[in-house]
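**Q** The lines below spell out each chain.
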Amino acid sequence: MRKHIGLLSQFAIGALFGWGLIISGMSNPQKVLGFLDLAGLWDPSLIFVMAGAILVGLAGFYVVSKRSEAFFGGALHIPTRRDISKPLIIGSFIFGIGWGIAGICPGPALVALGAGYLKAFVFVVAMLVGMRICEKFFTAHKQKPEQP
Amino acid sequence: MHIDWLSFTPIPSLLGGMILGIAAALYVLLHGRILGISGIVSGLLHSKAGDIAWRLSLVLGLLSAPVLAALFFGIRPIVDIESDWYAILLAGLLVGFGAQYGSGCTSGHGICGLSRLSPRSLVATATFMSAGFLTVFAIRHILGA
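Going line by line, the protein sequences match chains R and C. Position in the first sequence (from 1) plus 31 gives the number in the numbering used here. Position in the second sequence (from 1) plus 83 gives the number in the numbering used here.
Simulated from the structure, these hints should not be mistaken for lab results. It is possible that some hints are incorrect.
What the hints assert, rightly or not - For lysine-lysine, the following DSBU-like pairs were computed, each having C-alpha atoms within a straight-line distance of at most 35 Å: (1) R:97 with R:34; (2) R:167 with R:117; (3) C:131 with R:97; (4) C:131 with R:34; (5) R:117 with R:97; (6) C:131 with R:167; (7) R:34 with R:167; (8) C:131 with R:117.
This is chain R alone, in the form it adopts within the complex (with noise of 0.2 Å):
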């Protein structure tokens, strides 16, 4: 039962999560193509988005960093790691390039997915393929892809 109700939060959250994009204004491509082209028109909207999230996820995070489970049990699964690596920065800055060519990444592409749109389901394969070359040819040697 408590399994049942820990996959329909996932989802709940999930779906939450999504609204906040379409919501936003953030599942829109050109919408973020308007925030990262700083020299032609200038759409500031993505630094409000930022702000209102992190605005909220600190008191979220502040409330975790006081508890040693989650409320559906188990261990908290929080990166501990603090070094800049240099897998780090080079795969930072590729995931840069690709969202600055198309403005989507892989939250919104998921809600465009879900919208039906065919470009959408394009880009989501072409990233999991992305992701797997990743793991298969850079991050083999490790068990487990680098949590952020």
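Since chain R is already given, all that's left is putting chain C on it; use the hints.
**A** Relative to the frame of chain R, chain C by itself:
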């Protein structure tokens, strides 16, 4: 710098951002995990028993979001994808590869990482934002596409 006042949506963006923050906070409180979409999705590529169902549930929630938003609130998402197929393919590959190699994306590093004041996520976010700015500058103002 010229601000695009017609496209600028401070209030919906702030509200939507707060919803993203609520989702991320609920996720770590209830499930003890970082709400990083790329990490949750890439975990689906390995079939480890007991690890698939929760990831799939979250992904299904995200996929259902537009339909549920239309049903409950009558909101239709604006999704304007102007890139051509080749650009989409290349962008997807780079986003997938980069998120995997850099251990996170806009949600894991950007929202959750900054919310928990992680130095790694701060560096990652600054890096992918800079790369995004440079890429759009190159495409729109150097190549003129």
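**Q** Work down the list of hints and note, for each, if the structure agrees.
**A** Results of checking the hints against the structure:
Pair hint residue 97 of chain R plus residue 34 of chain R holds up; C-alpha atoms about 24 Å apart against a cutoff of 35 Å. Distance restraint check for residue 167 of chain R and residue 117 of chain R: the Cα-Cα separation of roughly 18 Å lies within the 35 Å cut-off, and the hinted pair is therefore satisfied. Note on residue 131 of chain C and residue 97 of chain R: the hinted pairing holds, with a Cα-Cα distance of about 31 Å set against a maximum of 35 Å. As the CA atoms of residue 131 of chain C and residue 34 of chain R are separated by approximately 17 Å, the hinted pair is consistent with the 35 Å bound.
Of the supplied pair hints, the one linking residue 117 of chain R and residue 97 of chain R holds, its CA atoms being roughly 32 Å apart against a limit of 35 Å. The straight-line distance between the Cα atoms of residue 131 of chain C and residue 167 of chain R is roughly 17 Å, inside the 35 Å bound, and the hint therefore holds. Between residue 34 of chain R and residue 167 of chain R the CA atoms are separated by roughly 32 Å; this keeps the pair inside 35 Å, and the hint holds. Between residue 131 of chain C and residue 117 of chain R, the direct Cα distance comes to roughly 29 Å. Compliance with the 35 Å bound is thereby established for this hinted pair.
In summary, this structure violates none of the numbered hints.
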